[in-house]
Amino acid sequence: MMRTARGRPPSFYVLATLMIALLIFLYAPMLCVYILSFQGPDGGMSFPMTGWSTHWFEVLFAGTGGQGIGDVPNSFKRSIRLAACVSVLSTIIAVSAGMAYRRKFPGSNFVFYSAIASMVLPSIFIGFGIALTFNLLGWQVNWFTSGIGAQLTWSLPFGLLIMFIVLGRFNPAYEEAATDLGANSGQRFRMIILPIILPGVIGIFVSSITSSYEENARTQLNVGLGNTMPMEITGILTGASTPVLFAIGTLTSLAMFAIILGAVALMTVMARRRANRPDA
Amino acid sequence: MRVPPRVASWLQVAPMALVFTTMVLIPLGIITVVSFLDYDFARVFPEIYLGSWTDALTSPLTLSLYLTVFKFLLITLAITFVVGFWLAYFLVFHVESTGWRMGLLAAAAIPFWTPGPIRMVSWVPLLGKEGLVNKALMNAGITEAPLDWLLYSEFSVILAYCNLLTLAMLGPITHSMAKIPRSLIQAAQDAGAREWQIVRDVVLPLCKPGIAIGAIFIITAVLGDFFMIKIMSGGQINTPANAIATELAAFQYPPAAAKSVMLLVIVVVLITGLLRVVDIRKELQR
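These protein sequence lines map, in sequence, to chains C and W. Sequential numbering from 1 applies to the first sequence in my numbering. Sequential numbering from 1 applies to the second sequence in my numbering.
Just chain C, same shape as in the assembly (with noise of 0.2 Å):
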């Protein structure tokens, strides 16, 4: 328990064991991917190391080596494009409905129960229901429509979750002042709400983008034309089995690092910003 003048208890270092343990059980796996990419170019899919190259990153970009890594430029680009469209949607849809849970309205716990039952309905179901309905309506299933849909139902209760967690820290004081002093609607939500809430925000702009980008179950029946990188990872994963892979992946992991840095920088960035303003 908490510190007492003995010094800690036997439990902290039991407990503190047990922490390690689940930090090696994470970080491990991942190592193993990272230091194996740069494997040489007889080495295999296991230690030992045969000296340390980077071909299979050249393999990989070269497209060549005929290990069925056909497509991994135009997937890249697939993921991303739609992954931009899914945060910038997300982000918009789930801070306006974030907006309207800060009154009682009725059909509030509709919507609600709405994403709560899309975010834990199993996601092949919601996969299948998508292509099924636009099958039975004779549509084509197509990224724009039904794969961006189809993302959506993923990254959307969880950006309503956040929405919850910002806006019920939120200190409505300000915006009365705000009020106080003439501010209309449109003013208090730029210059008062926005501002506070803003590093929420970008939580959920970075969490719909990771969400996309990983999101397979209820994406792979609704993209409709060519794979994105989940599909085609999947696809390699079946097939090849060179350090191909563990290229890819210090790669995908190398892209996914840089923007949620990128993102928590913003947010210091900015937080320290508004801890600086001296009328904040």
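Check each hint, because a few of them may be wrong.
[Claimed, not checked] Which residues of chain W face chain C? A few of them, derived with a C-beta cut under 8 Å, are:
hint, residue
1, L87
2, A108
3, P115
[Unchecked claim] Reference excerpt, derived from the structure (chain C facing chain W, CB under 8 Å, subset only):
hint, residue
4, M19
5, L23
6, A97
7, S114
8, P122
9, I124
10, G129
11, I130
12, L156
13, F164
14, N171
15, M256
16, F257
17, M267
Please keep in mind that the hints were generated in silico from the structure rather than gathered at the bench. Where is the CB? At the ideal position from N, CA and C, for every residue including glycine.
Place chain W on chain C using the hints.
Just chain W now, kept in the frame of chain C:
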């Protein structure tokens, strides 16, 4: 022009309501309808046919699929709960600095920035026949030949689920636990309670909402998963979600629909039960 507050809320929530209605609720209705329709190898006919349902409900295969998935679910829930609860307890009551607490939580979250399929591949160099674990065991003289149950087995499926989902339990429990007032713990200590008594009688009951939210995530993830189990079991273990995926790949829509609705009912019953324990909206807004 002023709009009444109620109308303003409706307008603000409309896009979200539209997405959920067209992409979740209408498909849900259509799947249910299609599950009662007749079909051949390529088409669905608008005629009532109950065969999909009688098959799904009476086939002994269905029962064995659900027994399999519930076995995985219970084991995963048990492990992630025990680990998640004790680590949350460690982070909230043993780690005194907020910086360390947030740092450790962030450290546990960072591996999840690597996309899912890659995380699956990452087990090969560790658990494969020539993997690090087998080599270490053989070098230490514990085993003579490589263990083949480390990968593509029930063991590796459970390992992957725990790897993926421990954080889903740890996060919400930490959130709930951090809200327990320190004065309560102090009072229990002053009254002479031992650490394990405080955990059992004070901490555990007050973390129920967090545990329920974690369980919701895990039930959803395990019951809905068809991808991870296929990769991690090497295609040897089947679950209800797998069976649906297989029928979808063969364009057998009505039987896939019947099985989907069945899975849906089971998930909804479990989750509704848990939602009685926790009011998600209140929990988040505090």
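These are the hints, each one checked on the structure:
no., hint, verdict
1, L87, "6 Å, holds"
2, A108, "6 Å, holds"
3, P115, "5 Å, holds"
4, M19, "6 Å, holds"
5, L23, "6 Å, holds"
6, A97, "4 Å, holds"
7, S114, "4 Å, holds"
8, P122, "3 Å, holds"
9, I124, "6 Å, holds"
10, G129, "3 Å, holds"
11, I130, "5 Å, holds"
12, L156, "6 Å, holds"
13, F164, "4 Å, holds"
14, N171, "13 Å, violated"
15, M256, "4 Å, holds"
16, F257, "6 Å, holds"
17, M267, "13 Å, violated"
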